[in-house]
Amino acid sequence: MTDQTNDGDWVLEKSGELKPGSSLPDSLNLDPDTHGPGDVPLGINQPVLITFNSFANGRGFSLARQLRERHGPSLRIVAQGHLLPDQARHAFQSGFDEILISDNALKAYGAHAWDTALQTAVGALYLGEVSGGGIWSRRHGHELT
Amino acid sequence: MYTYDAHDQALVDARAHEFRDQVARRLAGQISEDEFKPLRLQNGLYLQLHAYMLRVAIPYGVLSADQLRMLGFLAERYDRGYGHFTTRQNIQYNWTQLSDVADMLDHLASVQMHAIQTSGNCIRNVTTDAYAGVAADEWVDPRPVAELLRQWSTLHPEFAFLPRKFKIAVTGAAEDRAAMKFHDIGIAASLGENGEPLFDIWVGGGQGRTPRVAVLFEAGVSLPNLLPVLDAMLRVYNLHGRRDNKYKARIKILVAEMGLEAYRDEVYADLANRDGSVFDEAPKEYARIEAQFAAAQQPPLTPTNVDRTDPAFAAWLDENVMAHRVEGYAAVTISLKSKGAIPGDATADQMKAIADLAERHSASEVRVTHRQNLVLPWVPQDELRAVFDALVELGLAEANIGLASDIIACPGLDYCALATARSIPVAQRLSIELRERERREDLRGITVNISGCINACGHHHAATIGILGLNKAEQENYQVTLAGRADEGAQVGSILGPGFDAESLPSAIHRILDAFQALRKDGEDLASVYARVGKDPFKQAAFAPLEQAA
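Residue numbers (this note's numbering), protein chains in the order written: chain A, 1 to 145; chain B, 1 to 550.
Worth flagging that the hints you see were computed from the coordinates, not collected in a lab. These numbers come from a predicted model, not from an experiment. For glycine and all other residues, C-beta sits at the position ideal for the given N, C-alpha and C. Don't take each hint at face value.
[Said to hold, decoys possible] Below are the DSSO-like pairs computed for lysine-lysine, each with C-alpha atoms no more than 27 angstroms apart in a straight line:
1) Lys539/B with Lys521/B
2) Lys472/B with Lys248/B
3) Lys248/B with Lys165/B
4) Lys37/B with Lys107/A
5) Lys107/A with Lys14/A
6) Lys14/A with Lys37/B
[Said to hold, decoys possible] Going by beta-carbon spacing under 8 angstroms, a handful of chain A positions derived as facing chain B:
7) Ser23
8) Ala56
9) Arg89
10) Lys107
11) Gly110
12) Ala113
Next up, chain B with everything else stripped away, as it sits in the complex (with noise of 0.2 angstroms):
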């Protein structure tokens, strides 16, 4: 793992210093709560529907035993006793008090965390892939570049007041965990000839209203010049980006109206006015960060056959284990989408319980992934039966990673001022229906994202079956999209059809997923079996029904 040095603790101390003294002024009345939003959002803080929602950064995912026991304290002493881990590894707590706040910055720089652009119109948390160090197809470690992002963008003074929000994430793998085409900027790293590492630049995804899966800007861009073409991508963004729009804010929609090569016409002629010196140093740091993480890479160890004659063992083992790219371990993740339960959230005693088996089973590493779950990214071979004993206990042993009930929602009407439908209930009601059909027959593969509004936090855009909250003549009401796609082959879902009332969803979903298995040949995916079909045969399954009942 990444420690801090005395320069990155004196950042995050003299930052959370600074809140203090914006919350300060005003709770004095010294600024208005226009003026306070903008610096509130940067420091994660939302006025959501009930209370402050304070968003914690968990850079790249990764958090040690120790921070993760922190997140649980937090849950405990300033929230009702959980946290939510969101899509894009961060975590939110849903009932902080604005007094509160300065002081759950304090607590959170004591174990070198903070809030830091979780939110606001800035570059925010950097992610990228969970398994990152640890999965066997990874070509190179996304982490060090990932952290030094982290670095580069920390309170960019250009930066700070963008025209949108700006999301970034890395891979380094084969298989694309991150969905890192639909990001602002995406980063795809791989290894040159000579075993440098080399990045390609993926512009203009996102999702909202307008998804967009991203454009390669540029390949293999070497390290050298990683930040100073970023750091002019930005600047094109910030300068010619829309404000007129909040809608049309975006740099997908830059790229779309600008066109890709005026765009990149635009950056390298900043590049060529501009003295790069400033980021000469970026490739010592970036050296001197990736030995940290190489020095925290776990030895070799004796594989194990693993007993697996307990069939609810060799379920888990099947559904939740992920082999490792070291001799002698498992990535163990741990699922947070038992039957009925609210996706992402975790209760402070299970951060604390996970925490400690962190400590006990995986070198004190936990990371988040973006489908929000927990991972145990260095469970030695012979210790996974006491990890799954541990988690039964927990009620966090569901074997259902990867399969339909492994839900992605986002907190929806229940929590968001944005939201127009609820997502929350469908989740739980979902869940426990699919993870009742996934015990019979073959759901791998099929993703259930849900988004409680247009703004797409849920990320429905990208999942095979999305569904997405609406308010339609002030009733709850559920649109659907299929095939759509957030790995290496992104793409957007299609719109089935108008929506379904809340009550009505779940037996469409069943409808879809029949018509699925009717129609796949050979273990196709869903959006392989639509791409071959089309539309019209899930759309007739799903609406027929109704149409007859009609």
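Chain A with its partners taken away, still in its complex shape (with noise of 0.2 angstroms):
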């Protein structure tokens, strides 16, 4: 775990929306392989990013829904490192918040591949995310707003 700053050079908001990036000079970095939410402090004020080492280790997904359980809404968690655009949604409904791409990811998948698998992935899925919603919510009547 390291206090440093990340290269992300363009931020994916969960909107789909694609912004420039800034760099988050004061987070706390976790590896999934080696980090667990313990590993964030409860009451912490920095956002926390998760660095995905390969698209195909899935273990950043569980840290995030960990925290996002443990922390709440209030948390920043911000993902980076060799992601898929395609797997933009299985991050955002896994409690990330944001989705640092750097300039040589944007350029290799193209600049709005990320918005179009965004868009295009399916959104509405049974069980809700932490924040509540889902198919299941819908169909007996208790959905979250």
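Given two chains presented individually in distinct reference frames, assemble the corresponding complex, making use of the accompanying hints.
Structure follows, in structure tokens:
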């Protein structure tokens, strides 16, 4: 675990909006292969940055979900590293707030790939996110807003 | 049957649309094949030896007549006129074109079907007893919980990039007809004292190069606790499962290395730290699903005395027709194991004809079995003769369900990029020879399963006679295992000894059967004989002539 800046050049928000990125100089950086939710103190004010070393390694999704469950909506959780555009859905539905995307990744996949992938991704799942929602809630009349 | 509402339909439509976009980006070169691979795999698309193979999900093996008719249409339009039903109750098309797949998914979505999570390192299609809801020995209909699990696991954002694939099976009857204990998670449903469903959760079963029978994780889990526990079990696996070696990445290895108690502690520690309110609606959803299945149950009929004077019809009744829990009905298993046939294969015409039969004689419903056959689950007893006559016309009236010639086989080296030997020709030859033999002697309870490589898709570890095809010095070589079981007394078969070449394998199988018949007492099955006498008599029988010749 280190406190360091990241190399994100762009930020993808949950809405699908892609903005020029800003570094997170004060972030708490986590490697999901070695860190767990216990490494993030309760009440922390820093953003937490989780790095995906490989798109095939989904540990970061579970770590984000654990953090969201334990810290609630106030904790800012940011993803960076090797993520495919198609994994933006998984990231946001697992509890991430933002994804940092490098210039190289943006060029490799195409500038619109992230937004397109997010917009074409299946948004309504059966089980809701930590904040609520989901098909089951809608079916049984307990939709949270 | 479970019928989609607008939410289910919207999800499947959206997934088909999403995959169309992913294929377009791949074809445009915007994503590499390496990056496309996990995306296509999560939609059931493999690149095999000759072409792309599309595996279509048949959730818990239940099909409507219209759905089966669609599967036949796809075989005709997009494949070479046939499909292959698998041990996990799915169907595979072996000759699909990448450019056709999105259209195939749209066709499937039009009949409430999809290919979601039929491959890839995610939670796969949930399987169950093909006779669910109709079996006389059933305690709890497993289909509602299987559908609940389908919904929970579908596109679950946390569990789409697991260390390895993850398979779940559910049973609810005295006899395990779903190989439940050979799954990453197996769930056995029973009824509690007040009539509520309870679930025993088993973990760490599997086959492949490290076969394991699942161990009991927790007994008697209540419905409200079921999904929270399963979700935590998957999370601990996702966080701690090995990713350094794909052959050690399944949950069976994690549980073995961590120890069951430590694994369980991690699961309950995770549960203690979560807000489980996202699962609050699960019992209501279960009740909604259960009501749909209950409404589809057929009313009792007056029982019929079926005329058994025709010996062929009587033999078919004995082997392929199962007692039903509802008066006046029978469950008919259609063998896809005719003499010399490819196990599990059905032509487009056969699929369409069986769909017609289901409409006329089985409440428009068909099931797919773990042993790669089809079931008409709701045949009125007085219509059994008509069904038999129709199946004779179709060449599908082989009376061999549960006999030795009812062989399980994977596609093997004829199709599969992972295979090391062919399975299909071995199965075809054995089916001819064993069918002849079982006309003369009782080979009930003998299961012959053939895998074309160590990955064990043909479930050879779980057969009384298992056959594993290997490549030995560039020659196909077949290792035999004995006394495996897939049922409630699940056990891994024992390796008999060195392998056989393709030519000498069938005679070795016959000698093993000769030894079994000579050794068995009072109708014992092969596993019981093996447990009593051990390996040596079988080994001697199988290898003695070869050693003498050498």
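For each hint, the structure was consulted:
no.	hint	in the structure
1	Lys539/B with Lys521/B	holds, 19 angstroms
2	Lys472/B with Lys248/B	holds, 24 angstroms
3	Lys248/B with Lys165/B	holds, 12 angstroms
4	Lys37/B with Lys107/A	holds, 20 angstroms
5	Lys107/A with Lys14/A	holds, 20 angstroms
6	Lys14/A with Lys37/B	holds, 25 angstroms
7	Ser23	violated, 26 angstroms
8	Ala56	holds, 6 angstroms
9	Arg89	holds, 7 angstroms
10	Lys107	violated, 11 angstroms
11	Gly110	holds, 5 angstroms
12	Ala113	holds, 6 angstroms
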